[in-house]
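Hey, can you work out the whole structure from these sequences and the hints?
Next come the chains, spelled out residue by residue.
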Amino acid sequence: MTMSPEVAMEKLSVAERSMWAFRDMRVVTWRNLIASLRIPEAIFFSSLQPIMFVLLFRYVFGGAIPVAGVSYVNFLMPGIFVQTVCFGAVATAIGLSEDMAKGLVERFRALPMARSAVLAGRTTADLVRNIFVLLILTVVGLAVGFRMVNGVGNFVLGCIVMIVFAYSLSWGFAIIGLKAPNAETAQLMSFPILFPITFASGAFAPVESMPGWLQWFAIHQPVGVVVAATRSLMCGGPYTNSSAVGWTFVWAAVLLGGFSWFAVRSYRKVD
Amino acid sequence: MKSDLAISAHGLVKVFSRGQTVRALDGFDLEVAKGTVTGLLGPNGSGKTTAVRILSTILSPDAGTAEIMGLDVVRQSDAVRRIIGLAGQYATVDENLTGRENIRMVAQLTHLTKSAARAKADELLERFKLTEAGDRPAKTYSGGMRRRLDLAASLVAAPPVLFLDEPTTGLDPQSRNDLWEIIEDLVDGGTTVLLTTQYLEEADRLAQDIVVMEKGRVIAQGTPAVLKAQLGTTVIEVSFASHDLADRASSLLTNLTPKPPIREGSLLELTVENGPKVAADVLRTLDGAGVELLGLALREPSLDDVFLSLTGHRTEDEVAEAAQPKRQGRKAKKESAQ
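Here the protein sequences come in this chain order: Z and B. In terms of the numbering used here, the first sequence is residues 7 to 277. In terms of the numbering used here, the second sequence is residues 703 to 1040.
No lab work stands behind these hints, which were simulated from the structure alone. Remember, it's a predicted structure, so these values are computed and weren't measured experimentally. One or more hints might be untrue.
Stated by the list, open to error - Derived SDA-like pairs: lysine to any residue, alpha-carbon spacing no greater than 20 Å straight-line:
| id | chain 1 | residue 1 | chain 2 | residue 2 |
| --- | --- | --- | --- | --- |
| 1 | B | Lys816 | Z | Thr35 |
| 2 | Z | Lys275 | B | Lys816 |
| 3 | Z | Lys108 | B | Gly872 |
| 4 | Z | Lys275 | B | Gly721 |
| 5 | B | Lys816 | Z | Ala27 |
| 6 | B | Lys841 | Z | Ile40 |
| 7 | Z | Lys185 | B | Arg720 |
| 8 | Z | Lys275 | B | Lys841 |
Now the structure itself:
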């Protein structure tokens, strides 16, 4: 369909604009997913890293980390899942800065598409990729002794909780992707943020083993909350923590709101 | 606003501050009539690309106004995006998608229906001789194929106004020629084209109107013929077997012309008012001194000469200064122009 110039986006109703924004997002998501399927090496190696983490902690460090109530592998896997989906946000930063460097963003910016679509398409594609990596990781976990001790339903709920959070985090890393001069720098800028929030979180060891000041950080910072929420759902028992589940959604909503507002603003102003 | 204008810009200013402040555009004015081709000519860093990015709504200006078909590029940016196409060195294609997928993506983002997008992709691939390569990822394409795909993608909405930012930079002569023919076809179909280029030959061939830019401003404007006529001169080129001979000849010929001869390698260039008479003098002088020459040619001033007389330096000078590796490109360009 063609529109006369007079029927511009800005004259459409909110509902129509949202529909176009959604369709544009879907097209960009499709493009991002197709593009990653064309680089099977990238899929292979990006799945390999979390698998290495599972094996490393399960067999190398795990024996030295005492946990209460469940076996270490059952304690560990929720933490590794959360760490993995959070690290997935690096792909958002890298993907966007590559599109910027290659000039694709220039092309998109000259098209009559929704201003949010490039970012929403990127983060949504990364969400899909996160689900795929979680599936692989679940299989690996089951192979090394992980069991869904609190039931399959709660395991799936745990996955949903962390995916929602990771999606909001992805928008934050979209900002890095827009601001970084190139993909390498985007990656380098991402790690100093991701390492403290994923490792100082109780993902790999009980927070009680940390010094007091760090314990406070590990419990209250967003990824710490998500780890507690996921473990509450996947392990249950002594780890039950329903307020963490609630707080995860609060964090996700706050981060998503703030990050997406700032990211779209940055996207408009990019030069 | 005059209704016969496709593009108009008044007093555009754009300042970038990355480390140091650069006034990429500094009071840029432009008027392009509907159905014409205008060539925006200037060295690297003269503001050509910035001008195109503002006119195609990618950047917003710090000051000034611009309209495309009477629509304001800032306030009515979305309406502008529906009637423009952008192709060239920066707007590009997705390497991991096939040619067909690239065009379909752009078509869908231009809000064509899925089936219309599919039909459009087939049509454009056919028109740009990419049907066979259509289902291969674009990263397997040659430079020329990539530019054709890029141009095809920019034509999805059959835009009445087309921006081409250095469309043939880095292409071999054959591919460049193919692309020129495509652009000429588009113009025959009534499309208004704004073309930026560093190649004078390209502007000369495609553009009816030439706008010469330097330091973010327009320093001259007119048809290629008018710009050349401003010089009102002929260029005499004399070639020698060696640099030394050319140097010797240069000192011998200094008195024959108002401006001293320009030596490039073993080639001397004299810009003169009365070509045939001075040419005879040159031959007589060199023969008398026993300096042997390889060849002598009289030619109309090129746009390069125009640029030299307007700015005091050649178009490529700043390129060569800005980045050493680009010298390679400059050399290749010279060769392909011969």
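Verification of the supplied hints:
1. Using a Cα cut-off of 20 Å, the hinted pair Lys816 (chain B) and Thr35 (chain Z) holds, with the two alpha carbons roughly 15 Å apart.
2. Between Lys275 (chain Z) and Lys816 (chain B) the alpha-carbon distance is near 31 Å, which puts this suggested pair outside the 20 Å criterion.
3. Using a Cα cut-off of 20 Å, the hinted pair Lys108 (chain Z) and Gly872 (chain B) holds, with the two alpha carbons roughly 16 Å apart.
4. The suggested pairing of Lys275 (chain Z) with Gly721 (chain B) holds, with an alpha-carbon distance near 18 Å, which does not exceed 20 Å.
5. About 16 Å separates the Cα atoms of Lys816 (chain B) and Ala27 (chain Z), which keeps this hinted pair within 20 Å; it holds.
6. Proximity of Lys841 (chain B) to Ile40 (chain Z) is assessed by CA-CA distance (about 14 Å); at most 20 Å being required, the pair is judged to hold.
7. For the suggested pair Lys185 (chain Z) and Arg720 (chain B), the alpha carbons sit about 13 Å apart, so the restraint of at most 20 Å is met.
8. The hinted pair formed by Lys275 (chain Z) and Lys841 (chain B) fails the criterion: a straight-line CA distance of about 29 Å is larger than 20 Å.
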